[in-house]
Every structure is written in C-alpha cells, then in structure tokens.
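Engineer: The chain contents come next:
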Amino acid sequence: MSQSMTFRASIVSILILLVFLGAWWGATLPTQVDLGDMDPEYAKMMGLDTVQESDIPTPGDIGSAIWTHLSDPFYVAGSNDMGIGIQLAYSLWRVLAGFALAALVAVPLGFLIGMSPLMRKALDPYIQVMKPISPLAWMPLALYIIQDASISSIFVIFICSIWPMLVNTAYGVAAVRDDWLAVAKTLEVGPLRKAFKVILPAAAPTILTGMRISMGIAWLVIVAAEMLVGGTGIGYFIWNEWNNLDLANVIFAILLIGVVGMILDLIFGLLGKVVSYKEV
Amino acid sequence: MSAFDNPFDPNKSLHRGCTCGKHASQADHNAALAASPNPTDEEAALNRAVESSVMRSLFPEDRTRRNFLKAVGVSTAMAAVSTFFPMAAAKAVAADPVGPLEKKKLKVGFIPITCATPIIMAHPMGFYEREGLDVEVVKTAGWALIRDNVANGQLDASHMLSPMPISASLGIGARQQDTYVATIQNINGQAITMHNKHKENRDPSNWKGMTFGIPYDHSMHNLLLRYYLAEHGVDPDKDVKLKVIAPPEMVANLKAGNIDGFLGPEPFNQRAVYEGAGFIHVLSKDLWDGHPCCAFGATKSFVEENPNTFSALFRAIASATVYAHKKENRPEIIDAIAPANYLNQPKIVLDQVMTGRYADGLGNIIEEPERADFDPFPWESMGVWILTQMKRWGYIKEDIDYADIAEDIFRATDARKRLAEMGLPVPEVNSKKHTIMGKVFDPTTPQAYLESFEIGRS
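Protein sequence lines correspond, in order, to chains R and D. Residues 1 to 280 (the numbering used here) are what the first sequence spells out, left to right. Residues 1 to 458 (the numbering used here) are what the second sequence spells out, left to right.
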C-alpha cells in the first residue's frame with residue numbers, strides 16, 4: 001500500500017514538474033517583433049532583433065547554464081571569476097566555521113541555563129532581545145569593528161546560529177526526566193559524569209533539532225551576507241551574475257542553493273536519528 | 001619643449017616654459033603638444049628625458065647649446081657628450097624603479113563600472129607586472145565596502161569616487177583617515193537615464209515628486225544630479241527623493257518603476273537602454289565637460305610607508321589611463337575588461353560607451369567620441385568644486401579652507417612630478433577654471449561661487 005503510494009506520489013511530482021516546465025517554456029517562446037523601418041544598427045545597439053528572445057530565460061537556457069557550471073566547477077580565471085564548486089566551498093566553509101563557533105558557545109551555555117534556573121532567569125532578557133535581531137543587521141557593525149569582510153560574514157553566521165541551539169539545548173537539558181536525575185543522585189554520580197552520561201544523551205535529540213534549525217538559518221544568511229560583502233561564495237556569485245543581469249545563471253545558483261540547503265538539512269536529520277532512541 | 005623632443009636638434013629650446021619659440025603662448029604650445037602623437041615607445045621617451053636633462057645641465061644657456069650643435073653637428077656632439085657622460089648607464093638607471101619595492105603583493109579594489117577601466121585593464125594587459133607588482137584587483141560589492149576596506153587596510157589602494165578621499169580625510173560619513181587622490185581615473189562617462197514613461201517629459205523643472213537613484217552619497221553622481229536639478233529650480237532635498245542604489249541594481253529598479261531615473265556610472269546607462277528600460281536623457285559630459293568621476297586613491301599612511309611601491313602603482317595606473325585615453329586602444333580595452341572576472345558585461349554595451357557611438361533609447365544614434373574619457377591629472381580645482389558642493393548640500397557644516405584641503409588631498413604636485421618622470425605631458429598649474437552647466441567656476445573664489453546659488457543648504 002505505502003509502496004504504491006510512494007509510486008503514485010512520484011508520478012504526481014513528475015507531472016507537476018512537466019506542467020511547470022511546459023508553462024515556463026510556453027511563456028518564454030521567442031516572439032516576432034516588427035521593427036518597422038528602424039535603422040538596423042540602432043536595433044542592434046538596442047539589443048533588438050526581428051526574433052526577440054524572451055527576457056526571462058527559457059528552460060533550455062537554465063539547462064545549458066547548469067551544464068556549463070557543473071561540467072567545470074573548479075576553474076579559476078582570476079580572483080573574481082572562479083568555478084561554482086570553489087564558490088560553494090567558500091560558502092560552506094564560512095557556514096561551518098560560524099556554525100562550529102556558535103555550537104562551542106551555545107551548547108555549554110545552554111547546559112548552564114538548562115541546569116540552573118537562576119542563570120536562566122538572569123540571561124533570559126538578553127536572549128529575548130538578541131534572538132529576534134536579523135543576522136544581517138549585525139553586518140555593518142561587524143564590518144566596522146572586525147575590519148575584515150570574510151571574518152565579518154563568519155561572525156554573522158555565528159550570531160544567527162547561536163540562538164536556536166542555545167534555546168533548544170537549554171530546553172532539552174531542563175526537560176530531562178526527573179526520575180533519571182533521581183537515579184543518578186541515588187547512585188552518587190559526579191556532576192561531570194552526570195552531565196555526559198545522563199543529561200547529554202537525554203537532551204541530544206533536542207540539541208540536534210536546534211542545530212538543524214541553526215544550520216537552516218545559517219545557510220539562508222550566508223547568501224545574503226556574501227551578496228553584501230562580495231569577494232567569494234555562492235552569494236557573491238549571484239551578485240556577480242546580477243551585475244550582468246544574467247538571469248539564467250542567477251536561477252541556476254538559486255537552484256543550487258536550494259539543493260545544498262536540502263542536503264545540509266538531510267545530514268542533520270540523519271544525525272538526529274542516530275542520537276535519538278525509542279523508549280520502551 | 002617637451003621631454004620627448006630631441007635635445008640634439010639645434011632648433012629646439014630645452015628650457016621650461018614655452019620657449020620653444022614655435023607657439024604664441026603656453027596654452028597654444030600645450031594644445032599643439034596634446035595634438036601631436038605621444039611617443040608610443042615609452043623607453044624612447046624615457047631616453048629622451050634623460051638626454052634632455054643631461055644636455056640641460058651641460059648647457060644652462062640654450063643659445064650655447066644650439067651654437068655648439070650647429071658648429072659640430074649632431075652625431076659628433078652625441079659622441080662627444082657620451083665620452084664624458086655615461087649616457088647609456090644614466091638611461092638604464094632612469095628606466096629602473098628608484099628603489100626596491102617595499103611591498104610587491106597588493107590588493108586594489110574596484111567597482112565593476114567603466115570608470116574603473118585603468119585599474120582593471122592594467123591587470124590583464126600587464127601594466128602592473130611591468131612595474132614589478134603582483135596586484136590582485138578585487139571586485140567589490142559597493143562603495144561603502146570600498147570605504148571600509150581601504151580604511152582597515154584590506155585594500156592597499158582602490159578605485160574610489162573622487163569625493164570619497166575628501167569625506168574620509170574630513171571624517172564625514174567615514175572613519176577619519178587621511179586619504180589621497182593619486183590620479184583621476186576617468187572624466188565624463190556618466191549620464192542621467194530616465195524611465196521610458198518620461199519620454200515626453202524632458203524638462204527637469206517638471207520633475208518634482210520623482211525618485212532618483214544615485215550610487216553613493218559622497219559621489220560625483222550625487223553632486224552633479226543635485227546641481228542639475230537645482231539649476232532647473234528643483235530642490236534635491238525637498239522636491240525629489242534621492243535613493244542610494246548600487247549601480248547594477250539601478251537598471252532593474254528602473255525597469256520595475258521603483259525609480260524614475262538615475263544618474264549612474266556606465267555601462268548601466270547604456271545597459272538600461274539595451275534592456276529597453278529607459279533612455280539617456282543627458283550625458284554628464286553635457287553638464288560639465290571633463291568632470292572627474294572616479295579616482296585612484298590610497299591612504300596617506302600607505303603612501304608614506306610604501307613610497308616606491310606607490311610610485312610603481314601610480315606609474316602602472318597612470319600609463320593605463322593614458323592608454324585608455326587613446327581611441328585606437330578602445331577595442332582592445334573592451335576585450336580586456338568585458339569578461340566575468342572584471343566588468344562581466346555584453347561587449348555591445350561597452351562598445352557603445354567606449355566609442356561614443358550609441359543608441360540613446362529615443363530612436364537616435366548619437367556620435368559623441370568624448371562620451372567617456374580618461375585623464376589622470378588630479379586638478380586641485382576639481383577638489384575645490386567638490387568641497388563647495390559638499391558644503392552647499394550640508395555634508396560639510398563648518399567653515400573650511402577650500403584650497404588647503406584640496407591641495408592636501410588632490411596630490412596634483414606629486415602627480416605632476418611622477419607624470420613628468422614618465423615623460424607624459426603635464427599641465428603647468430594645479431588649478432584651473434571649469435565651466436559647469438554654462439557657469440564659470442573660479443577655484444580662487446569658492447565662497448562667492450557657493451553663495452551664488454539660489455538653492456542650497458548653506
């Protein structure tokens with residue numbers, strides 16, 4: 001039953017795709033333009049032709065953009081023109097660096113908040129104020145203080161990744177079942193051992209959920225940050241193509257960002273599965 | 001007498017000032033000099049410069065030199081001089097940089113617009129390399145980032161808008177940091193582009209209530225647009241809205257109708273026409289023929305810590321600017337700057353900008369060879385004009401000494417020295433009068449000029 005469901009769902013998915021591509025293709029068909037008695041040189045200068053291509057790239061344009069970029073992803077033709085693979089690597093490196101730093105701060109701090117009601121109350125106002133700040137709002141300040149564009153974007157990833165991890169860790173730690181803590185107490189387990197052997201495994205699924213949310217946000221933010229800062233990265237790639245108003249490349253990059261984001265999310269989903277367990 | 005003239009020619013004078021005797025005035029002399037082709041082989045030019053100075057020191061009296069040459073003949077004279085002066089060695093010394101380069105690996109920023117042409121093309125065409133520099137030209141996302149990256153030293157030197165070194169030096173809208181204009185990158189080369197819906201509304205006095213895009217507050221674009229609007233009775237602060245928009249976004253914003261027009265850098269004016277979004281209302285050349293737009297600048301501390309490196313960088317960019325000035329080099333330049341690494345623009349658009357034969361979006365093909373041009377000399381009077389306008393619109397509030405600030409920031413004297421060393425023609429003075437929208441601007445009376453405007457904040 002479920003197998004046939006999956007099968008039927010994929011048929012529908014493919015149908016939706018085909019309808020979408022068909023509509024797209026139809027909407028972007030080249031049109032015949034009557035240039036009247038326009039001077040041919042003027043028409044050429046204006047980018048006009050009797051067969052006028054659509055402003056919006058066709059599915060074929062996107063296909064060829066995908067092929068061009070993926071067939072040679074690691075070329076370097078100067079510091080401002082590098083293959084998509086290299087751009088992607090820069091972005092991923094920034095995201096992972098910022099994310100790792102955030103985890104280093106958020107998980108221990110979350111533990112502290114989760115275990116100590118006093119600290120939770122004391123830190124709560126700060127978290128409440130900092131959490132809703134848009135990550136990019138930090139960018140000008142970061143650029144001014146850090147004075148390094150690349151580190152600034154890592155900082156922005158750091159500051160946006162920290163909150164979901166912090167809040168989830170704190171919640172996970174605070175929600176560890178009382179009886180488990182009671183058992184630990186009866187067995188006279190030391191505080192460190194209690195943290196690593198009892199609380200961490202119990203809170204791990206929640207912590208990973210926090211990380212998954214953080215990673216999602218970080219990937220959203222890096223693109224915007226790189227568009228602002230320029231230099232390298234997938235966000236910069238879009239900015240660069242936007243400079244040239246090359247929408248086919250922009251759409252290709254958007255698709256790629258979606259795919260990479262999905263893969264990152266899948267990885268954290270799998271990690272979440274590894275650390276969670278069924279209670280019997 | 002130009003440094004390129006043959007000092008062994010008995011009919012030439014070697015002394016400075018127009019003493020060549022061929023021209024009625026120095027201005028005529030300069031005009032004739034500008035019209036005559038510059039030596040294409042720079043080595044030859046350098047050799048001539050060395051020979052000239054040797055001859056000048058041997059014969060302080062020009063008459064003596066002429067008589068000597070007439071008496072013994074050119075080749076004998078050359079041989080005679082060479083026996084007691086090592087001419088070949090002197091030429092070799094002059095061809096070498098003055099001293100070792102303090103820093104060879106440099107980062108130079110640019111914004112992908114045609115104004116940056118000299119900075120950019122010096123890279124693919126090897127002008128930096130020839131000076132022994134390993135320069136990475138860094139495409140940067142916006143002017144604010146250029147400002148920050150220059151201030152914090154991530155960029156050693158950079159493409160800047162000519163008012164930016166002034167605002168940085170005065171600490172207006174930027175971290176205070178003494179910054180120099182080393183050369184002007186380009187003159188002319190901007191335009192006011194309007195949305196197609198305003199084709200029938202070409203009179204700026206009817207433009208109240210419109211929204212315009214400018215690339216940056218401290219830009220020639222902003223100052224020129226404000227000037228233009230005010231000349232037509234439109235107060236740029238009260239009657240219209242000026243929005244800071246990155247140049248690449250101007251075309252899309254125009255297309256979407258978010259702005260009614262923009263005064264922006266090329267190639268985006270031409271790109272707007274090419275995209276069918278707007279038409280070119282007026283070229284900035286028609287507002288102020290020969291106006292500066294972008295500059296090549298560096299912080300004072302960089303220049304002082306790396307004098308030889310900076311000289312080499314200056315030479316690379318100044319020779320690129322002179323190279324870009326020549327019309328016959330334009331096709332080669334377009335090929336060099338069009339790729340994704342640099343401007344990332346269709347060639348046909350760049351071609352229309354750089355050759356000045358372009359479609360205006362109103363159905364006409366216009367021929368304007370001076371549409372975009374390049375001239376490295378940083379006139380101090382340009383700095384004074386920028387200061388008057390920054391004061392006019394309230395960016396500068398306090399009283400200032402215009403000439404002093406302009407002299408400090410626009411390094412005209414340094415530029416003259418370096419350009420002359422390279423054997424390039426240079427003006428005799430640092431300041432001149434400019435005609436801007438039909439009105440003569442005298443740099444010696446900035447305050448009176450400022451007070452002559454009806455619309456302004458001061």
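These are calculated hints, taken from the structure and not from any lab test. Certain hints may be false.
Stated by the list, open to error - One-sided and incomplete, this derived list gives chain R residues near chain D with beta-carbon spacing under 7 Å: (1) Asp81; (2) Ala184; (3) Asn243; (4) Asn244.
Unchecked claim - Here are the computed distance ranges between Cβ atoms for each label pair: (5) Asp203/D - Leu17/R: 31 to 37 Å; (6) Gly269/R - Gly171/D: 47 to 53 Å; (7) Pro132/R - Asn364/D: 36 to 42 Å; (8) Pro100/D - Glu41/R: 50 to 56 Å; (9) Lys243/D - Leu220/R: 44 to 50 Å; (10) Asp34/R - Asn364/D: 53 to 59 Å; (11) Gln32/R - Lys241/D: 54 to 60 Å.
To be verified - With a Cα cut of at most 30 Å, we get these calculated DSS-like pairs of lysine-lysine: (12) Lys238/D - Lys208/D; (13) Lys241/D - Lys432/D; (14) Lys433/D - Lys397/D; (15) Lys105/D - Lys285/D; (16) Lys238/D - Lys326/D; (17) Lys44/R - Lys255/D; (18) Lys44/R - Lys433/D; (19) Lys107/D - Lys241/D; (20) Lys208/D - Lys44/R; (21) Lys44/R - Lys199/D; (22) Lys243/D - Lys105/D; (23) Lys199/D - Lys241/D; (24) Lys347/D - Lys285/D; (25) Lys44/R - Lys327/D; (26) Lys44/R - Lys241/D; (27) Lys397/D - Lys347/D; (28) Lys44/R - Lys347/D; (29) Lys44/R - Lys121/R; (30) Lys199/D - Lys397/D; (31) Lys432/D - Lys105/D; (32) Lys397/D - Lys300/D.
Built from N, CA and C at the ideal position, the CB exists for glycine as well.
Engineer: If a hint holds in the structure, say so; if it does not, say that too.
Structural biologist: Verification of the hints:
no.: 1; hint: Asp81; result: 4 Å, holds
no.: 2; hint: Ala184; result: 51 Å, violated
no.: 3; hint: Asn243; result: 4 Å, holds
no.: 4; hint: Asn244; result: 4 Å, holds
no.: 5; hint: Asp203/D - Leu17/R: 31 to 37 Å; result: 52 Å, violated
no.: 6; hint: Gly269/R - Gly171/D: 47 to 53 Å; result: 51 Å, holds
no.: 7; hint: Pro132/R - Asn364/D: 36 to 42 Å; result: 54 Å, violated
no.: 8; hint: Pro100/D - Glu41/R: 50 to 56 Å; result: 53 Å, holds
no.: 9; hint: Lys243/D - Leu220/R: 44 to 50 Å; result: 26 Å, violated
no.: 10; hint: Asp34/R - Asn364/D: 53 to 59 Å; result: 20 Å, violated
no.: 11; hint: Gln32/R - Lys241/D: 54 to 60 Å; result: 40 Å, violated
no.: 12; hint: Lys238/D - Lys208/D; result: 9 Å, holds
no.: 13; hint: Lys241/D - Lys432/D; result: 33 Å, violated
no.: 14; hint: Lys433/D - Lys397/D; result: 25 Å, holds
no.: 15; hint: Lys105/D - Lys285/D; result: 36 Å, violated
no.: 16; hint: Lys238/D - Lys326/D; result: 42 Å, violated
no.: 17; hint: Lys44/R - Lys255/D; result: 20 Å, holds
no.: 18; hint: Lys44/R - Lys433/D; result: 40 Å, violated
no.: 19; hint: Lys107/D - Lys241/D; result: 36 Å, violated
no.: 20; hint: Lys208/D - Lys44/R; result: 34 Å, violated
no.: 21; hint: Lys44/R - Lys199/D; result: 21 Å, holds
no.: 22; hint: Lys243/D - Lys105/D; result: 37 Å, violated
no.: 23; hint: Lys199/D - Lys241/D; result: 20 Å, holds
no.: 24; hint: Lys347/D - Lys285/D; result: 22 Å, holds
no.: 25; hint: Lys44/R - Lys327/D; result: 22 Å, holds
no.: 26; hint: Lys44/R - Lys241/D; result: 34 Å, violated
no.: 27; hint: Lys397/D - Lys347/D; result: 44 Å, violated
no.: 28; hint: Lys44/R - Lys347/D; result: 12 Å, holds
no.: 29; hint: Lys44/R - Lys121/R; result: 69 Å, violated
no.: 30; hint: Lys199/D - Lys397/D; result: 38 Å, violated
no.: 31; hint: Lys432/D - Lys105/D; result: 37 Å, violated
no.: 32; hint: Lys397/D - Lys300/D; result: 24 Å, holds
When each numbered hint is compared with the structure, violations occur for hints 2, 5, 7, 9, 10, 11, 13, 15, 16, 18, 19, 20, 22, 26, 27, 29, 30 and 31.
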